[in-house]
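J.: Take a look at the letters that make up each chain.
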Amino acid sequence: MAIDNTGICRSCQVEYCGAALVICRIFLQAGQERVNNAVVPARPLPLIFPCTMENPMSFARTASAVVTALLLCVACERSGGNGEAPVVYRHAIDGIPASLDPAHAANIYSATLVVNLYDTLFRYRYLSRPYELTPNLAATMPDVSDDGLVWTIELRENVRFADDPAFPRGRGRAVTAGDVVYSLGRHFDPATRSQGAWLWRGKIVGLEEWIEAGANPDRRIAGLHAVDNQTLVIELTAPFPQLAHTLAMALSAVVPREAVEYYGREFGVRPVGSGPFILERFDESRAVLERNPDFDRGALDLAAEGLDPQRHAELGLEPLNGRTYPFIDRLEVHFITEPTSRWTSFVAGEVDNVMVPPEKSGQLLASRDPLRFRPDIERQYHTLAEPEAGFVFYGFNMANEAIGHHPDEDIDRANRALRCAMREGFDWQERNHTFYHGLGQVFPGVIPPFLDAFDPSLDASSTDHDPQRAQRRLQAHDWSPETLPRLTYGLEASVHQRQMFEQFRARMQTIGIPNERLRHRAFASFGDFSRAITGGELDLFLIGWTMAWPDAQYALQMFYGPNAAPGANSFNYSNPEFDRLFERAARLEAGEERAALYRQLNEMVINDCVHIGSLSRTRLHLWHRHVHMLPDREMLGGHFLRFVGIGAAP
Amino acid sequence: MTSRFELLGFVTRKLAASLPLLLGVTLISFTLTVHFGPDPAHAMLGKNPTAADLAALQRELGQDRPFWMRYADYLHRLATLDLGHTETSGEKVRDLLARTMPISALLLAPGFILGTALALFLAMVAAWHRGGRLDRLITGVSVVGMSLSFVIIIIALQAVFGVWLGWFPVRGWAVDGPASYLAHVTIPTLAFVFASIGYNTRFFRAMLVNAMNAGHVRTARAYGAGPARIMFRHVLRGCLLPIMTRIVYSVPALAISGSLLMESHFSIPGIGRVTYQAILSGDQPVIMAVVGLSAVLFAVAVTVADLLCRLADPRIRLA
Numbered sequence: 050m051a052i053d054n055t056g057i058c059r060s061c062q063v064e065y066c067g068a069a070l071v072i073c074r075i076f077l078q079a080g081q082e083r084v085n086n087a088v089v090p091a092r093p094l095p096l097i098f099p100c101t102m103e104n105p106m107s108f109a110r111t112a113s114a115v116v117t118a119l120l121l122c123v124a125c126e127r128s129g130g131n132g133e134a135p136v137v138y139r140h141a142i143d144g145i146p147a148s149l150d151p152a153h154a155a156n157i158y159s160a161t162l163v164v165n166l167y168d169t170l171f172r173y174r175y176l177s178r179p180y181e182l183t184p185n186l187a188a189t190m191p192d193v194s195d196d197g198l199v200w201t202i203e204l205r206e207n208v209r210f211a212d213d214p215a216f217p218r219g220r221g222r223a224v225t226a227g228d229v230v231y232s233l234g235r236h237f238d239p240a241t242r243s244q245g246a247w248l249w250r251g252k253i254v255g256l257e258e259w260i261e262a263g264a265n266p267d268r269r270i271a272g273l274h275a276v277d278n279q280t281l282v283i284e285l286t287a288p289f290p291q292l293a294h295t296l297a298m299a300l301s302a303v304v305p306r307e308a309v310e311y312y313g314r315e316f317g318v319r320p321v322g323s324g325p326f327i328l329e330r331f332d333e334s335r336a337v338l339e340r341n342p343d344f345d346r347g348a349l350d351l352a353a354e355g356l357d358p359q360r361h362a363e364l365g366l367e368p369l370n371g372r373t374y375p376f377i378d379r380l381e382v383h384f385i386t387e388p389t390s391r392w393t394s395f396v397a398g399e400v401d402n403v404m405v406p407p408e409k410s411g412q413l414l415a416s417r418d419p420l421r422f423r424p425d426i427e428r429q430y431h432t433l434a435e436p437e438a439g440f441v442f443y444g445f446n447m448a449n450e451a452i453g454h455h456p457d458e459d460i461d462r463a464n465r466a467l468r469c470a471m472r473e474g475f476d477w478q479e480r481n482h483t484f485y486h487g488l489g490q491v492f493p494g495v496i497p498p499f500l501d502a503f504d505p506s507l508d509a510s511s512t513d514h515d516p517q518r519a520q521r522r523l524q525a526h527d528w529s530p531e532t533l534p535r536l537t538y539g540l541e542a543s544v545h546q547r548q549m550f551e552q553f554r555a556r557m558q559t560i561g562i563p564n565e566r567l568r569h570r571a572f573a574s575f576g577d578f579s580r581a582i583t584g585g586e587l588d589l590f591l592i593g594w595t596m597a598w599p600d601a602q603y604a605l606q607m608f609y610g611p612n613a614a615p616g617a618n619s620f621n622y623s624n625p626e627f628d629r630l631f632e633r634a635a636r637l638e639a640g641e642e643r644a645a646l647y648r649q650l651n652e653m654v655i656n657d658c659v660h661i662g663s664l665s666r667t668r669l670h671l672w673h674r675h676v677h678m679l680p681d682r683e684m685l686g687g688h689f690l691r692f693v694g695i696g697a698a699p
Numbered sequence: 106m107t108s109r110f111e112l113l114g115f116v117t118r119k120l121a122a123s124l125p126l127l128l129g130v131t132l133i134s135f136t137l138t139v140h141f142g143p144d145p146a147h148a149m150l151g152k153n154p155t156a157a158d159l160a161a162l163q164r165e166l167g168q169d170r171p172f173w174m175r176y177a178d179y180l181h182r183l184a185t186l187d188l189g190h191t192e193t194s195g196e197k198v199r200d201l202l203a204r205t206m207p208i209s210a211l212l213l214a215p216g217f218i219l220g221t222a223l224a225l226f227l228a229m230v231a232a233w234h235r236g237g238r239l240d241r242l243i244t245g246v247s248v249v250g251m252s253l254s255f256v257i258i259i260i261a262l263q264a265v266f267g268v269w270l271g272w273f274p275v276r277g278w279a280v281d282g283p284a285s286y287l288a289h290v291t292i293p294t295l296a297f298v299f300a301s302i303g304y305n306t307r308f309f310r311a312m313l314v315n316a317m318n319a320g321h322v323r324t325a326r327a328y329g330a331g332p333a334r335i336m337f338r339h340v341l342r343g344c345l346l347p348i349m350t351r352i353v354y355s356v357p358a359l360a361i362s363g364s365l366l367m368e369s370h371f372s373i374p375g376i377g378r379v380t381y382q383a384i385l386s387g388d389q390p391v392i393m394a395v396v397g398l399s400a401v402l403f404a405v406a407v408t409v410a411d412l413l414c415r416l417a418d419p420r421i422r423l424a
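Chains as they are written, first to last, in the working numbering: chain A, 50 to 699; chain B, 106 to 424.
For the record, the hints were derived by calculation from the structure and aren't laboratory data. If you're wondering where the values come from, they're calculated on a predicted model, not measured in any experiment. Accuracy of the hints is not assured; some may be wrong.
To be verified - Here are some chain A residues pointing at chain B (derived, C-beta under 10 Å):
no., residue
1, 242
2, 286
3, 313
4, 314
5, 331
6, 454
7, 577
As the list claims (entries may be wrong) - Rough simulated footprint, nothing fancy, chain A against chain B, three-plus residues with beta-carbon under 8 Å:
no., segment
8, 154-160
9, 193-207
10, 244-251
11, 261-268
12, 272-279
Here a beta-carbon is modelled for each residue, glycine too, at the ideal position from N, C-alpha and C.
In isolation and in its complexed conformation, chain B is listed as follows:
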């Protein structure tokens, strides 16, 4: 019971402590967007406007209102989740996010999970055979993977699986059930795994090798424990904190911006593609909603990471 209350108090404290962070991030991003961001008025004007047209449009967009009023309005909208309408299509931003975020999640989740699991497995193999042929092979392949451009990987996979073999759609997101989902997600997933596996394997291997040097691992070996037991029970547990932190921290970036390249190349209507279009057109309600959401996600990720660390290692105090 005490532990539960302690946990609840910890979460509340962490989230409360995130408020200044959220205010800071939103203020900075709002200032940057308003003063240095793309100008929607000029992008939205017709081909031969007059100065009066420009002024009227700027009034309509609220650009003539004082900065602090606009910022307060933005915070109010963010807090009430009434994010307004996009400046371009007029669609409700909330609907836009509700429509696109699940697509990005569905697009990225398999690659993220598979890529992380595969990288962890390869890292464990490499770490166990540290200095050996297998280690060198895995490390070498990882470096090659890191060196390959993501775009090249995407184009190659599209050519092989989409054009040459014809197994999967080259692009698009005509998903209306599990089978079409599998068809559309396979090439992006492969691309994601290829692109991320090198970085993750190298990082995880370094952590595992470091943990393998610990005294308790040597003791376990001396007792004659098998590789699996040593790896999963002693080594992996020992370096769970940095691995977990890396994984949890990469989720917000992945959810918002990580899908940009993939969604552009595969013409997938996810949040990355929408955000990119909003930046190009200066669609401030969308940009601000995504920035605000990123800040919230990041605050949540920090809290979750701390919580998981506490669960993984009881020595860590929930302060």
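Just chain A, with the same shape it has in the complex:
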């Protein structure tokens, strides 16, 4: 038996803590010469001591070390010590989930855990790009009627909720279609404080009447009901092709009514689901999840998940093919908000992956265009560079007649000219290099490059920095420092955001907009910032938009008139023609016609100069070579975690 510098006893696989090792080291270093013949140096910090009695001369000192270590390690032993070390994957994320209630899982941090604790009807294939839906809790993809209004979804059999005191005798029961109905319906109970109700409101037959009548889960919703335990029927008021995407979101995860009622408000910290893992521990530092023994989805079929032998060759996934997942016994998700701590924790081997802080990119990349990691980094770690499923951009408040829509056509045109001039005055490339380390991808409009509807041939001049053209525009519409409106630029209080404002203002100055015409207002929290946007207190603001499904409709809804603030249309953009086309596109299945409409809508946003943008950031991921996975969190959220394999480096 020997304990090495990783803290693992090589015989019993017990993991010991660092403090015990330090004390052992002190003992052993004092007797280094006497025990040297029994010590095998280990890199980088040799700490291996013999637990046998091969060397009688060193017995006393070795025994002292062992006794000390054991005394200390009685309390710090972190495994069962039964000879079977659990397979643990330690995943680092850059934020803290506020709640584990699926109804609150609107951000990536909560979603990462929720989709591993609960089941969603659908999910995205692990490796397919572009993203493709596949059944998860559902047995097959939905059967949709020809008019697109009736969706029939069959559920898998023999799926069970995890055991929990919320159930009679503490034994989890089978998941039924009725649970899906309940889980979607509870979004409309005000007490749930749902963040996902907007996904289905107005789209399901009889839902509004049911809500009006008190959202009683014991009453039937006309268009959302279980035919039997395995069959769910959803009747829509109008075709909604994106419905399947909404049913892949963490917000739609299936919860048992017993647990919601048993735990009440505390359901957010006491999850009871049917996902691949069960929560063992959760605080502001980490969540520890154990494998759910009742979870059985058969074997991993890499071909069905979209394996591309060439593209995924480096990931070492093939040995996992045909094996029953999840492959790990324990999933630890560490919440590390400080970028430096996240990086040092990864380098020290305390976590298995890292989303690289952008400021570290210079040390890791051989080139930015094309994006390539340094060869030694690629040898040492698995690497992934992928664009985020979202983008950042500036939006104007079109409800402010000083810069937005105006009933007088001449003024309306002049306002548009001012907005366009500001867009031309802004320099996205400079922004990219100053704040995103040159890793962002600048594109025109609001359809990011990873979507099918993205048009690579679209004129990109709306993202060009052209101060002369901007000045000509302003002059042509008689804008002068005296006539320019005073604009309020909103930002969340941080040095970073303030620097961005100063950069923006400096660019505007070069086209003739004096500093005093552009003032900033800082807000302590996102809630306050959001309230100010909703209240029309800001004329210009930088926001980020994360795509929840891989369809341009999700981005274009930001400009749909009926979604005006407090809805997604924070800009209060109003264009009847846009709304008409959007409604038409929203009913279409994926295809050329819909893509063409999306592109037309995108061009309308660009031509009306509603926004200044956009830029998609690039995420750099590293993970240790003994971990076999594709940690794409963008659309998959945390779904990929069930497929993580741990083993020897390929």
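We have chain A; now place chain B onto it with these hints.
T.: Chain B only, in chain A's frame:
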């Protein structure tokens, strides 16, 4: 017996006198939080809400209730220690505090005790050798310590002990026994000691030097008393009041907010990290509970400091 009653009366009077302070602090903080604090409703809304959704959520959060009713409700909750649920996770605030405060205490106590003791020792050495090389060295190192950013100290210690030597965890709080506690607390403790020792040493030295100029200390020296006897029996006793007051007064701030930076950098689930998250998300039950608790702790600290002063110097009347 009389002394005991006197003491009890003093404590009762002090705590009673704290009531207006508590009411004032809670009223001001409640007003600020409600009217100028972060808005939880907008932070909690989904991506595409309607005005009706917003209104319903505001009703659910009680934002439509009159201010004084909400304040009275808050005071009642504070008095009965029924602090409600957090707006974000739904966890009981009382449970949240019970879970996080001991972690913060365990995190900060070693650094606080070690840092204070070490600073006092260095201050005594510097004061004894006032004007000498040792004094200049200690004072100089103290200034360097004060000049170093806490964040830099943390990053350097993480790099040396966590990454390079690999002796201790870089971050986290996987504590399930004394050994893992020692492992996780060591780097934060070192960071705390490094960051606080400069300020404390300078302050303590100034107090000690002042006390060393007193006549009774000179008399003791004239009698041939040794350095230890002079320092501990005459000098330290002479300046015990300001030192004790400083130490006691720093406890409430330390307990609530002092751990914020450390808990963020080391990803430790203590009260500082929770409070920071609550401020960002506008979680008013948590913010108000922490503010109320801070006020209570401060009132207790004032009482304890006065009591200790009385015990240290009987000339002080318990009025």
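J.: Does the closest beta carbon of chain B sit nearer than 10 Å to the beta carbon of residue 314 (chain A)?
T.: holds (4 Å)
J.: Taking the least C-beta to C-beta distance, is residue 454 (chain A) closer than 10 Å to chain B?
T.: Where the cut-off is 10 Å and the nearest Cβ of chain B is about 19 Å from residue 454 (chain A), the hint is violated.
J.: Are there three or more residues in the segment 272-279 of chain B whose C-beta lies within less than 8 Å of some C-beta in chain A?
T.: Contact hint for the segment 272-279 of chain B vs chain A: holds, 8 residues under 8 Å.
J.: For the hint on residue 242 (chain A), does the least C-beta distance to chain B fall short of 10 Å?
T.: Hint on residue 242 (chain A): holds, closest Cβ of chain B at ~6 Å, below 10 Å.
J.: Okay, the segment 193-207 of chain B and chain A, do three or more residues pass the C-beta test at under 8 Å?
T.: holds (count 7)
J.: Is the hint on residue 286 (chain A) kept, meaning its closest Cβ partner in chain B is under 10 Å away?
T.: Constraint on residue 286 (chain A) not satisfied, violated at 16 Å.
J.: Taking 8 Å as the Cβ threshold, is the statement that the segment 244-251 of chain B is covered by chain A upheld or broken by the three-residue rule?
T.: Violated: only 0 residues of the segment 244-251 of chain B have a Cβ under 8 Å from chain A.
J.: Less than 10 Å between beta-carbons is the criterion; does residue 331 (chain A) satisfy it with respect to chain B?
T.: holds (9 Å)
J.: Please verify that hint: residue 577 (chain A), Cβ, nearest Cβ of chain B, below 10 Å or not.
T.: Nearest chain B Cβ about 6 Å off; hint holds.
J.: Less than 10 Å between beta-carbons is the criterion; does residue 313 (chain A) satisfy it with respect to chain B?
T.: holds (8 Å)
J.: Does the segment 261-268 of chain B contain three or more residues whose Cβ lies closer than 8 Å to a Cβ of chain A?
T.: As far as the segment 261-268 of chain B goes, the hint holds, because 4 residues have Cβ atoms under 8 Å from chain A.
J.: According to a criterion of three or more residues whose C-beta lies within less than 8 Å of a C-beta of chain A, is the segment 154-160 of chain B covered?
T.: n = 5 at 8 Å, threshold three: holds.
The structure does not agree with the numbered hints 2, 6 and 10 stated previously, though it agrees with the rest.
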